[in-house]
Each structure stands twice: as C-alpha cells, then as structure tokens.
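Novice: The primary structure of each chain is shown beneath.
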Amino acid sequence: MGLGLFWLGLAQVLCPVATLAQRTPVVVASKPFGESFLLAEMFAQLLESRGFEVDRRLGLGATEIAFQALRTEAIDVYPEYTGTGLVAVLDQSPEGSAGDVFRAVSGAFRERWGIHWLPPLGFENTYAIAVRRESAEADGLRTLSDLARVADRYIGGFSPDFIGRSDGLPGLQSAYGLQLQAQRSLLQAVKYEALDLGEVDVVDGYSTDGLIDRYDLVVLEDDLEFFPPYEASAVVGRRFWDTRPDAVRALSELSGMLDEEEMRALNRRVEVEGEEFESVARDALTRMGLVAGPAVRIVREGEDREGSLGAYFIDRRNELIDLTIRHMLLVIVSLLAATLVAIPLGLLLERAPRGAEVVIRTIGLFQTIPSIALLAFMIPLLGIGIRPALVALFLYSLFPILRNTYTGICDADPAAVDSARSLGMTEGQILKYIRFPLAIPVIMAGVRTAAVITVGTATLAAFIGAGGLGDPIVAGLALSDSRMILSGAIPAAVLAFLADGALGIVQRVVTPTGLEIAE
Amino acid sequence: MRDQVLPTDAPALSAKDVVKRFGSAPVLDRVDLSVGRGEIVVLVGESGAGKTTLLRLFNRMISADEGEVCVGGQNVHALNPVQLRRSIGYVQQDGGLIPHWTVLRNTALVPRLRKMASPDDLASVALQLVGLPPDEFGARRPGELSGGQRQRVALARALAAEPEIILLDEPFRALDAITRAELVEAVHVLLQDIGVTTLMVTHDIRTALEIANRVAVLRGGRFEQIAPAAVLRSSPESPYVQQLLHRAGEGTAA
Numbered sequence: 185m186g187l188g189l190f191w192l193g194l195a196q197v198l199c200p201v202a203t204l205a206q207r208t209p210v211v212v213a214s215k216p217f218g219e220s221f222l223l224a225e226m227f228a229q230l231l232e233s234r235g236f237e238v239d240r241r242l243g244l245g246a247t248e249i250a251f252q253a254l255r256t257e258a259i260d261v262y263p264e265y266t267g268t269g270l271v272a273v274l275d276q277s278p279e280g281s282a283g284d285v286f287r288a289v290s291g292a293f294r295e296r297w298g299i300h301w302l303p304p305l306g307f308e309n310t311y312a313i314a315v316r317r318e319s320a321e322a323d324g325l326r327t328l329s330d331l332a333r334v335a336d337r338y339i340g341g342f343s344p345d346f347i348g349r350s351d352g353l354p355g356l357q358s359a360y361g362l363q364l365q366a367q368r369s370l371l372q373a374v375k376y377e378a379l380d381l382g383e384v385d386v387v388d389g390y391s392t393d394g395l396i397d398r399y400d401l402v403v404l405e406d407d408l409e410f411f412p413p414y415e416a417s418a419v420v421g422r423r424f425w426d427t428r429p430d431a432v433r434a435l436s437e438l439s440g441m442l443d444e445e446e447m448r449a450l451n452r453r454v455e456v457e458g459e460e461f462e463s464v465a466r467d468a469l470t471r472m473g474l475v476a477g478p479a480v481r482i483v484r485e486g487e488d489r490e491g492s493l494g495a496y497f498i499d500r501r502n503e504l505i506d507l508t509i510r511h512m513l514l515v516i517v518s519l520l521a522a523t524l525v526a527i528p529l530g531l532l533l534e535r536a537p538r539g540a541e542v543v544i545r546t547i548g549l550f551q552t553i554p555s556i557a558l559l560a561f562m563i564p565l566l567g568i569g570i571r572p573a574l575v576a577l578f579l580y581s582l583f584p585i586l587r588n589t590y591t592g593i594c595d596a597d598p599a600a601v602d603s604a605r606s607l608g609m610t611e612g613q614i615l616k617y618i619r620f621p622l623a624i625p626v627i628m629a630g631v632r633t634a635a636v637i638t639v640g641t642a643t644l645a646a647f648i649g650a651g652g653l654g655d656p657i658v659a660g661l662a663l664s665d666s667r668m669i670l671s672g673a674i675p676a677a678v679l680a681f682l683a684d685g686a687l688g689i690v691q692r693v694v695t696p697t698g699l700e701i702a703e
Numbered sequence: 300m301r302d303q304v305l306p307t308d309a310p311a312l313s314a315k316d317v318v319k320r321f322g323s324a325p326v327l328d329r330v331d332l333s334v335g336r337g338e339i340v341v342l343v344g345e346s347g348a349g350k351t352t353l354l355r356l357f358n359r360m361i362s363a364d365e366g367e368v369c370v371g372g373q374n375v376h377a378l379n380p381v382q383l384r385r386s387i388g389y390v391q392q393d394g395g396l397i398p399h400w401t402v403l404r405n406t407a408l409v410p411r412l413r414k415m416a417s418p419d420d421l422a423s424v425a426l427q428l429v430g431l432p433p434d435e436f437g438a439r440r441p442g443e444l445s446g447g448q449r450q451r452v453a454l455a456r457a458l459a460a461e462p463e464i465i466l467l468d469e470p471f472r473a474l475d476a477i478t479r480a481e482l483v484e485a486v487h488v489l490l491q492d493i494g495v496t497t498l499m500v501t502h503d504i505r506t507a508l509e510i511a512n513r514v515a516v517l518r519g520g521r522f523e524q525i526a527p528a529a530v531l532r533s534s535p536e537s538p539y540v541q542q543l544l545h546r547a548g549e550g551t552a553a
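Taken in sequence, the protein lines are chains A and B.
Heads up: take any position in the first sequence, counting from 1, add 184, and you land on the working numbering.
Heads up: take any position in the second sequence, counting from 1, add 299, and you land on the working numbering.
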C-alpha cells in the first residue's frame, strides 16, 4: 500500500471533522439589556459576514446566568464588562487603571476557567448615577459628593444587582457617606420612567445609555473615582478559543473600534428612536468598514412606538405564532411529565402515609426557589436552552398536582371507602375503583393550577435561551419597548386562559360517571 | 344457595371476655356475646357505649385487645380478613354506596369480588328483595335516590352474595321518622323471611324491640342485660334498662 493512499485515507477521515467544526454554529449570547443585545448582534453579523454560522441567544440572562453558560460552554461568546467580571464574578475590589483591571480580569478568567477576554472594544460603560434636571438645578448637584449632602431628601431607584453588589450601592454609600431617605429595587426598564414621574429621585443608569438623553437627566460625576473601569469586551469560552481560532480572529476585528460617544449614539437609535437593533448593528459594522453592504436605516414597523398594537401583532404574526407554539410545547411537555410523575406518586404516598407529608413538603420546597435562581442552578447541570427549562418547569408543576392528588385520594368519600373495605375490597381495589376515580376532579384542579403557573413561569425560560413568549418580553424589557413586551405578555395571558379552559373540558370528560370492576 | 361455611354446632358469632381500648380508656370492658344461627340480635345503647366497636370486631375492621372473637366457631384472627369480610354482609348508617357506580353495580359488588357466577343476576334478585325493582332502579346512581332508597340499596348490597351473617350499623339513623318506620318493618319481615344471622346496632330501643329476637343493652362498654324483647319489657335487670324502656314509652310501671 502506497503512502499516497494512506494520506488520502487520512484526509477522508479528517475532512468531515474539519467541515463539521466549520459548520457548528457559533453560539452568541447577550445579557438582557439594550447595549448587550446590540453588541452581541454586531458579533453575530461580523461572524456571519466571515462565513460562520451563528446561533443567537440574545437576552440570555444577567451576569450569573451568562457567565455560567460560558463557563459550561453552552455558549461561545457574549459581551461583558471588566468591572463586572472583577467584582461580580471574581469578587475582588478594583485597583489601578482600566488597563490594570483588564489584565487582572483576563488573567484570572484564563487561569481559572480558560475563558478569554478579547482586547476591549474601546469604550467604557460605567454606572451613571442620574437625577432629574430640575432637582440638579434646585440643589446645585454636579457630583456624587454634592448628592451626598442632600441625600436624606432623595429616594433611590436601583437595579437589584446594583443594590447588592459591592461595586454598587453599598460601596457608594461608604465611599461618599451617601445615606438616602429610602431606596427601591427597580428593573432597568422601568427605572427611568419612575424617575421621570417623580416616584424616585435618583437612579443607577449606564453611562452609554440612550435613555439618559431621552428623559433629560443629569449624570452626576464620580468625583472620588469610586466606580471601577467597565471596559466592554467580547469574552469567549475555552473550547471555542482552542478550536475556532479563525472565528476568534474575526471577533477581535471589533477590538478598539467603538468609543463611548459612538456607543451612546447607537444605543440611542435603538432605545429612543426605535430602530431595529439588527439594522443599527449592521449600520455600525458597515461604517467601520468591517462588513460590506448598504447602511440602511430601518425604523421599527409602525414608524414609532405609539403605533397601534394590533398592527404590530399582525405584522409579526408568523414570529408570534412560532413563539406561541414553542411556549405551548414547553408547557405541554413539562406539564405532561409532571402529571405522569405526580399522580402515581400521590397514589403511592396514600399507601405510605407516614412518609407522605415529608415527601410532599420537600417537593413543595422547589416552589419557594425563585424561578430565575432555579434556572441558573440548571445551567451547570444541563446547559442552556430547552432542556433546563423543561426540567425547571417540571419541578414547579409537580407540587400542585402531587398535593391535590394526595389530598383528593385521602379525602375520597370516607363512608364509601369504609363500607367497601368492610365488604372485602382490598386496599388496592379501593384505591383503583374508589379513591382514584373520586379524586379525579381534585387532581384535575391541581393540573389546571399547575398549567396556569407553568404558562407564566415559562416566560422566564427565555432567560436561559429556551425561547417561547418570554423572548419578546425579555427583549422588550431590555429595549424599553412596551409593544414588544405586550406581544409576549398578551399571548401568554391568553394561553393561560385557554389552557385552563381546555383542561376544564378534559376534566369533564375524565370525571367518572361509572366504572366497572375488572377481573 | 347459602354458603356452608359455618359448622352447625357453633354459634354464628361469639365474643368471649373481650376488651378493647382506645388510648387507655376501655371502650369494651370484658364483654361476652353469642349469636346463634338465624338469630337476630340488636345492640342498644347510647353513643360511646361501644356498640359499633363490638360490631366491627366480627368483620375484623377492629381488633380486640383481649379476649376471643369468633365467627362460625373460628377465631377471626385465624381467618383472612378480606375473605372474612366478603362472607359477611355489612350496612353502615349512611349507606356508604360508591357514588360513581350505578345501583346495580353497587349491589353486585360482593358477588363480583367473590367471583360468583352472574353477579348482576344476584344483584337483581337482592334489589327485588328490598323492594327496588332493578328495571326501574338498577341504572340510577346513588345521588339520584332518596335516603330510604339508598339504605335499601345498601341492604341489597349486603345480601346479594347470600351471606349467612349480616352486620347492620345504625341502618335507619339518617332517615326521617316515616321512612324509618317503613324500612324497619320491611327489614324485619325480610330478615325473618331469609333467616340470615343478624347483628344490628341502634340507639333506638323501639327499633330494637320491634326487630330483635334478643336485645343486648350496652352501657359504658359492659352489657346491662341481654334478653328477648318480652323478657326485657317484663323484667328489666337494671335501673338503666328500666329508664331506657321508660323513656321510650315501653316501660312497665315502676
């Protein structure tokens, strides 16, 4: 056998592998706010223009979820900020210049998890503590030190993570001696509106935020330089770095290409002017000369956000139908699995009453885990996407069905049970022919409760990339687009209503009018 | 055809020196009772006297702490409880019919559990016996019947497998006076007709006197007197029995 034949054989063996690697889509994710969407979309389009296939998981989840997903290689790349990596992930306090922080963070991530920070994109997005213009003028506020003087008259509205993070409110309080009159935990999407309405007086925003201009706010200067540098960068996972050097190279073409002013302008186009973030990303990449193509300006359908909701729905009906179907799939599969587990378990527990309460209460504990936390716990075990979502929804559905099954079985007509036993029915026959049929309405009530809860909870599955009607809700919250939020929330509400109705019909059908003893 | 499970010489039901406690308090305190074949014995007493407890010892729904409980001369603990229960008819105070089953299916329960031939035919016979024509009532569900009709179905269900013994636990309690009077009369005639050994519990001494071959007066877990109705009327053995009869307007002048 000649050497040539050997090489040919080897090539044949290796070729499909190489092709496979090339074809495996790059999984691009983002955190659930506008700028992160925009940056991730730029990553995605850049990769696509270089011939890579891309799987988008935009709005995947906040730092904890996105980082977990990257660490476990469920995703390949997402945009992150050095200060966040340092404080929220590494739990260290910042020291030194932006460059020092970048070196510290990228070194630690590489060492611990093999995660690589590509050279920074070129802008910082730090916390911007903002107040209404009239309060800035009335109280002569220019810096955070000024705010500290009058803080006892101010009510704060901050993101939950800002309230908790040591580079957030706690640090700010000790650095500036800032003691606010009160503070509220508010989501990014509603913070500015609450400030505008006077519900709160000071909020945490991002320095590149497009909404700061929209609401005519004054950003207070961090005169003591408390906030660490938040340089934006693409972070990529270990395997991706090792096996896709060409894709990594393509991504690093964006390094140093964006400055703060440019980023703020891009954010404003999405968050204030209502352009599609896809077209804004395209436009930015074109103008940087990274991709060829017309720099088109596409404003979202209906011209502005005041356009009719009906038109918005009609315009997006295909997408909404797909999302609704996926949502139904999530609900049906997890509910079916929970029903198939909880009902037999409930029947089993009737036979072992001593263990029953312990088992049911233990399963009830899942109910107390906040859904976002449960979803986050799932990532290291099951990655992201539909599987962890199904497991989480399954766990949430178990309790109402199990509790109702057990209660329905145990409370079934005591006189009928007693006389059946007295006439010589075995416990198994009593369970099968009396307790279970009589418990069906109660069991079905549990299934209906679980269905309505699951339809609602499934919207949160969007945070771990499972899709469904949570997608437009998460994206709408990130992009402060209320029509987009409603385009997920309204079908979800209708779905919950219909699910309960449909199961009501099932209940009527399965409730027994007569059952025979089989031999 | 009746089952021939009972030896002819032994009493159908017997309890010897039986003690049953719930917690530390005895509900039955050294009780002796014997019911002969074909006899109708009625346990009378106030609630808490231990009547139902004693009744349920015989189908092993309750186990005695001390003493011996026999059915057909055999200790109930030597018998399979499920087989034992299937051989004894049972009616409880609110019927205990299976609500999602038709009257016919309810009535055919025991014949079917015992895998007897044509259980529905046996059920039809039993329904006819208690005055509910199966063509009219067989397909109904318990919820579609009056209280008296439900008790009749429960009685038919207890009799359908043609047991030698039936236990009746306050079968007339939940009924209004007129329905009760009708049913008591019907049951009295029926029990005498078919000659089934009967142990019944009631709080109502008049019902007991009407139906029983012997009345057993139970008070605080002990028997005050066990005697035929006529004897009880003519010579009550204790002030309590006298008082009971007096209250029921059945008493002899003191």
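Because the hints were derived from the structure by calculation, they are not lab data.
Some hints could be false.
[Stated by the list, open to error] Ranges of calculated distance between the beta carbons of each label pair, as one might list FRET restraints:
1. A:554 with B:473: 48 to 56 Å
2. B:321 with A:594: 15 to 23 Å
3. B:473 with A:548: 32 to 40 Å
4. B:415 with A:551: 44 to 52 Å
5. B:503 with A:551: 49 to 57 Å
6. A:695 with B:420: 28 to 36 Å
[Said to hold, decoys possible] So these bits of chain B aren't anywhere near chain A, every CB distance computed over 12 Å:
7. 321
8. 385
9. 435
Even for Gly, the Cβ is constructed at its ideal location relative to N, Cα and C.
Novice: Each of the hints needs a verdict: does it hold here or not?
Specialist: Results of checking the hints against the structure:
| no. | hint | verdict |
| --- | --- | --- |
| 1 | A:554 with B:473: 48 to 56 Å | 51 Å, holds |
| 2 | B:321 with A:594: 15 to 23 Å | 21 Å, holds |
| 3 | B:473 with A:548: 32 to 40 Å | 39 Å, holds |
| 4 | B:415 with A:551: 44 to 52 Å | 50 Å, holds |
| 5 | B:503 with A:551: 49 to 57 Å | 52 Å, holds |
| 6 | A:695 with B:420: 28 to 36 Å | 30 Å, holds |
| 7 | 321 | 17 Å, holds |
| 8 | 385 | 3 Å, violated |
| 9 | 435 | 18 Å, holds |
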